[in-house]
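Participant: Using the hints, position chain B against chain A.
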Amino acid sequence: MSELEYKIVVGLEIHVHLATRTKMFCGCELAYGEQANTRVCPVCIGMPGVLPVMNKKAFEYSVLTALALNCNISSFTKWDRKSYYYPDLPKNYQISQYDLPFSEHGHIEIPLEDGRTKRIGIIRAHLEEDAGKNIHTLGNFSAIDLNRAGTPLLEIVTEPDMNSAAEVRTLATQLQRIVRYLGVSEADMQKGHMRFEPNINLHITKDGTLYKTSISEVKNLNSFRAIERSVAYEADRQLDEFLETGATMKMGNKRTYGWDDENQCTVLQREKEEAHGYRYFPEPDLVPVEMNEKWLAEIKSRLCELPLQMQTRFAGEYKLSDYDAGVLTADRSTAEFFDRAVKAGGDAKRLCNIITQTGLKIANVKGCTVAELPITAEALAKLAQMVEAGEISPSASAAIFEDMVNTQKTPDTIVREKNLIQKNDAGEIEAMVDEVIAANPKAVADATSGGKKSKKAIGFLMGQVMQKSRGQASPKVVSAILSKKLG
Amino acid sequence: MAKKIDESQVRQVAKLSRLDLTDDEVARFSIELSAIVEYIEKLNELDVDSVEPLAHCLPIGNVFRADEIRPSLDTEAALSNAPQRHDEYFKVPKILDDNSGA
Numbered sequence: 001m002s003e004l005e006y007k008i009v010v011g012l013e014i015h016v017h018l019a020t021r022t023k024m025f026c027g028c029e030l031a032y033g034e035q036a037n038t039r040v041c042p043v044c045i046g047m048p049g050v051l052p053v054m055n056k057k058a059f060e061y062s063v064l065t066a067l068a069l070n071c072n073i074s075s076f077t078k079w080d081r082k083s084y085y086y087p088d089l090p091k092n093y094q095i096s097q098y099d100l101p102f103s104e105h106g107h108i109e110i111p112l113e114d115g116r117t118k119r120i121g122i123i124r125a126h127l128e129e130d131a132g133k134n135i136h137t138l139g140n141f142s143a144i145d146l147n148r149a150g151t152p153l154l155e156i157v158t159e160p161d162m163n164s165a166a167e168v169r170t171l172a173t174q175l176q177r178i179v180r181y182l183g184v185s186e187a188d189m190q191k192g193h194m195r196f197e198p199n200i201n202l203h204i205t206k207d208g209t210l211y212k213t214s215i216s217e218v219k220n221l222n223s224f225r226a227i228e229r230s231v232a233y234e235a236d237r238q239l240d241e242f243l244e245t246g247a248t249m250k251m252g253n254k255r256t257y258g259w260d261d262e263n264q265c266t267v268l269q270r271e272k273e274e275a276h277g278y279r280y281f282p283e284p285d286l287v288p289v290e291m292n293e294k295w296l297a298e299i300k301s302r303l304c305e306l307p308l309q310m311q312t313r314f315a316g317e318y319k320l321s322d323y324d325a326g327v328l329t330a331d332r333s334t335a336e337f338f339d340r341a342v343k344a345g346g347d348a349k350r351l352c353n354i355i356t357q358t359g360l361k362i363a364n365v366k367g368c369t370v371a372e373l374p375i376t377a378e379a380l381a382k383l384a385q386m387v388e389a390g391e392i393s394p395s396a397s398a399a400i401f402e403d404m405v406n407t408q409k410t411p412d413t414i415v416r417e418k419n420l421i422q423k424n425d426a427g428e429i430e431a432m433v434d435e436v437i438a439a440n441p442k443a444v445a446d447a448t449s450g451g452k453k454s455k456k457a458i459g460f461l462m463g464q465v466m467q468k469s470r471g472q473a474s475p476k477v478v479s480a481i482l483s484k485k486l487g
Numbered sequence: 001m002a003k004k005i006d007e008s009q010v011r012q013v014a015k016l017s018r019l020d021l022t023d024d025e026v027a028r029f030s031i032e033l034s035a036i037v038e039y040i041e042k043l044n045e046l047d048v049d050s051v052e053p054l055a056h057c058l059p060i061g062n063v064f065r066a067d068e069i070r071p072s073l074d075t076e077a078a079l080s081n082a083p084q085r086h087d088e089y090f091k092v093p094k095i096l097d098d099n100s101g102a
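In order, the protein sequence lines correspond to chains A and B. Under my numbering, think of the first position of the first sequence as 1, with each following residue one higher. Under my numbering, think of the first position of the second sequence as 1, with each following residue one higher.
Isolated chain A (complex conformation) (with noise of 0.2 Å):
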């Protein structure tokens, strides 16, 4: 067999809603779910004669998300109209960008499984419409619901710098929380907010030659899940199509593919053979758009610390395991409050415990973020304090976390209510021991016989101690007196 070696190559086109209240050139209001057709008006339904009007916050998110990106702002951007002949678009053209758009040239930083990073580039970010619904239920007819036409669509388009199916969910996943930390979008895949659609082809290498096989661009993901495995299907099949028929990329045979979710494979929507008429010309109706220095610095000014940014500060600074960073990172509010809880004077790393292991459940229950349960930061970390100084048990801290947020009482409040403070004291212990040592004879003959009853019997004696002292013992303390008594 020849030698053959392969990269996968990868690019990435991403669309994302902005959650601004109204749609982008009109005052229709954006709404999802609702009856079709009734977030409607003469100018996002296309009827002769109207104006657009550019919503000025979806200008502004976007352009907050090219800074976050790292792109180059435009001092001067325009709008263009793209031919577009489909009922769900019914003015025949989307208002999009074409040769100026808003910000280029910028990147993104993705983390990888050994702990670097690596900067994917971006070749432009701009802003556009989105079109309408349509639905395939009606035999030869399709029905038409315009409630998303219009809806602020910014497109983000990744230079082909990612190179596994990993590194592609790492980088949507990554954008996610960007978006979501601006707070420029819910970016909830499910509901079409973010939709991902990567360009894959190989570069493979056999015999000293490089080949590349046609590029094919796949729709239809809905998860993060659907994207990695999408990507990983596709370089399978194109180096099973290469190896079988030797074919290579030829100018502009990029081929569409849709993901089946069911059948977990892509399936060929069409060749494009042909260039797309897209017919590209300014938008006669709409004015350009100049970014001054003091309107820059001001949207600027919104930035916030981004996630990657504050995983790896966590990581850093609070020595947690990147596993925990990310969890607590996943979140920006989550992510804030613990970050006051720390500053507040709380242990991080138990800090971290309470909040993923008992605080997401509490939320997950109520519905709600961690910070937004009705308890402060400084009071969470009092908490904290009070497990580090051994006042009371881990695993009493989850019943006082659940009474804090329930009651909105003090940890100190609740601990003195409910009598759960630990006990240290060594004599109290001690005499306990001593009773549960007295009344087991049994388990301590076999606690001493060094045999392998011995590791059972002392898990048992330790059992009954903290059973006598209603879980009110420090087990840390219970283990040192009964290891001593039993010599």
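It is possible that part of the hints are untrue.
[To be verified] Here are the computed lysine-lysine pairs in the DSS-like style, where the Cα-Cα straight-line distance is at most 27 Å:
hint : chain 1 : residue 1 : chain 2 : residue 2
1    : B       : Lys4      : A       : Lys191
2    : A       : Lys191    : A       : Lys82
3    : B       : Lys3      : A       : Lys133
4    : A       : Lys91     : B       : Lys91
5    : B       : Lys15     : A       : Lys219
6    : B       : Lys91     : A       : Lys191
7    : B       : Lys15     : A       : Lys133
8    : B       : Lys15     : B       : Lys3
9    : A       : Lys476    : A       : Lys349
10   : A       : Lys254    : B       : Lys94
11   : B       : Lys15     : A       : Lys250
12   : A       : Lys456    : A       : Lys485
13   : B       : Lys91     : A       : Lys219
14   : B       : Lys94     : A       : Lys366
15   : A       : Lys82     : B       : Lys94
16   : A       : Lys91     : B       : Lys15
17   : B       : Lys4      : A       : Lys219
18   : B       : Lys3      : A       : Lys91
19   : B       : Lys91     : A       : Lys82
20   : B       : Lys4      : A       : Lys133
[As the list claims (entries may be wrong)] Simulated DEER-style distance windows between Cβ atoms:
hint : chain 1 : residue 1 : chain 2 : residue 2 : range
21   : B       : Leu54     : A       : Glu5      : 15 to 21 Å
22   : B       : Asn81     : A       : Arg279    : 49 to 55 Å
23   : B       : Ala66     : A       : Leu210    : 50 to 56 Å
24   : A       : Ala31     : B       : Ala66     : 29 to 35 Å
25   : B       : Asn62     : A       : Asn364    : 15 to 21 Å
26   : B       : Glu7      : A       : Arg279    : 15 to 21 Å
27   : B       : Cys57     : A       : Leu210    : 47 to 53 Å
28   : B       : Gln12     : A       : Glu5      : 55 to 61 Å
29   : A       : Tyr280    : B       : Glu68     : 38 to 44 Å
30   : B       : Glu25     : A       : Arg279    : 28 to 34 Å
31   : A       : Ala247    : B       : Glu7      : 32 to 38 Å
32   : A       : Glu34     : B       : Asn81     : 20 to 26 Å
33   : B       : Arg70     : A       : Asn364    : 33 to 39 Å
These are computed hints drawn from the structure, not numbers from a lab. C-beta atoms are modelled at their ideal positions from N, C-alpha and C, and glycine is treated no differently.
Facilitator: Then chain B, alone, in the frame of chain A:
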């Protein structure tokens, strides 16, 4: 002289525009569109080397509106011009080459 817009270009544009043209119409539009393009080409005689490209004919920019909800149309009014409807949806011939999602 070859026509500026030949019949194959007319057919291509018609296809992209979802227009079903007869052969006679294709021939006629080829002549008419060619005449229009030839007329417009007169502009090429102008020397514009020292003229800045213009993005918009009005000397203004940054016309925005606040992100405030305004009343939408009543669904009945929105659908009133539609040739066909199905419940509260617009009803159109089935889309074969579905490129939705822009």
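Participant: Indicate, hint by hint, whether the structure satisfies it.
Facilitator: So, going through the hints one by one against the coordinates:
no.: 1; hint: B:Lys4 <-> A:Lys191; verdict: 47 Å, violated
no.: 2; hint: A:Lys191 <-> A:Lys82; verdict: 25 Å, holds
no.: 3; hint: B:Lys3 <-> A:Lys133; verdict: 41 Å, violated
no.: 4; hint: A:Lys91 <-> B:Lys91; verdict: 16 Å, holds
no.: 5; hint: B:Lys15 <-> A:Lys219; verdict: 24 Å, holds
no.: 6; hint: B:Lys91 <-> A:Lys191; verdict: 24 Å, holds
no.: 7; hint: B:Lys15 <-> A:Lys133; verdict: 22 Å, holds
no.: 8; hint: B:Lys15 <-> B:Lys3; verdict: 20 Å, holds
no.: 9; hint: A:Lys476 <-> A:Lys349; verdict: 19 Å, holds
no.: 10; hint: A:Lys254 <-> B:Lys94; verdict: 25 Å, holds
no.: 11; hint: B:Lys15 <-> A:Lys250; verdict: 24 Å, holds
no.: 12; hint: A:Lys456 <-> A:Lys485; verdict: 17 Å, holds
no.: 13; hint: B:Lys91 <-> A:Lys219; verdict: 25 Å, holds
no.: 14; hint: B:Lys94 <-> A:Lys366; verdict: 45 Å, violated
no.: 15; hint: A:Lys82 <-> B:Lys94; verdict: 22 Å, holds
no.: 16; hint: A:Lys91 <-> B:Lys15; verdict: 17 Å, holds
no.: 17; hint: B:Lys4 <-> A:Lys219; verdict: 38 Å, violated
no.: 18; hint: B:Lys3 <-> A:Lys91; verdict: 30 Å, violated
no.: 19; hint: B:Lys91 <-> A:Lys82; verdict: 24 Å, holds
no.: 20; hint: B:Lys4 <-> A:Lys133; verdict: 38 Å, violated
no.: 21; hint: B:Leu54 <-> A:Glu5: 15 to 21 Å; verdict: 52 Å, violated
no.: 22; hint: B:Asn81 <-> A:Arg279: 49 to 55 Å; verdict: 26 Å, violated
no.: 23; hint: B:Ala66 <-> A:Leu210: 50 to 56 Å; verdict: 54 Å, holds
no.: 24; hint: A:Ala31 <-> B:Ala66: 29 to 35 Å; verdict: 19 Å, violated
no.: 25; hint: B:Asn62 <-> A:Asn364: 15 to 21 Å; verdict: 44 Å, violated
no.: 26; hint: B:Glu7 <-> A:Arg279: 15 to 21 Å; verdict: 19 Å, holds
no.: 27; hint: B:Cys57 <-> A:Leu210: 47 to 53 Å; verdict: 49 Å, holds
no.: 28; hint: B:Gln12 <-> A:Glu5: 55 to 61 Å; verdict: 42 Å, violated
no.: 29; hint: A:Tyr280 <-> B:Glu68: 38 to 44 Å; verdict: 31 Å, violated
no.: 30; hint: B:Glu25 <-> A:Arg279: 28 to 34 Å; verdict: 20 Å, violated
no.: 31; hint: A:Ala247 <-> B:Glu7: 32 to 38 Å; verdict: 33 Å, holds
no.: 32; hint: A:Glu34 <-> B:Asn81: 20 to 26 Å; verdict: 21 Å, holds
no.: 33; hint: B:Arg70 <-> A:Asn364: 33 to 39 Å; verdict: 37 Å, holds
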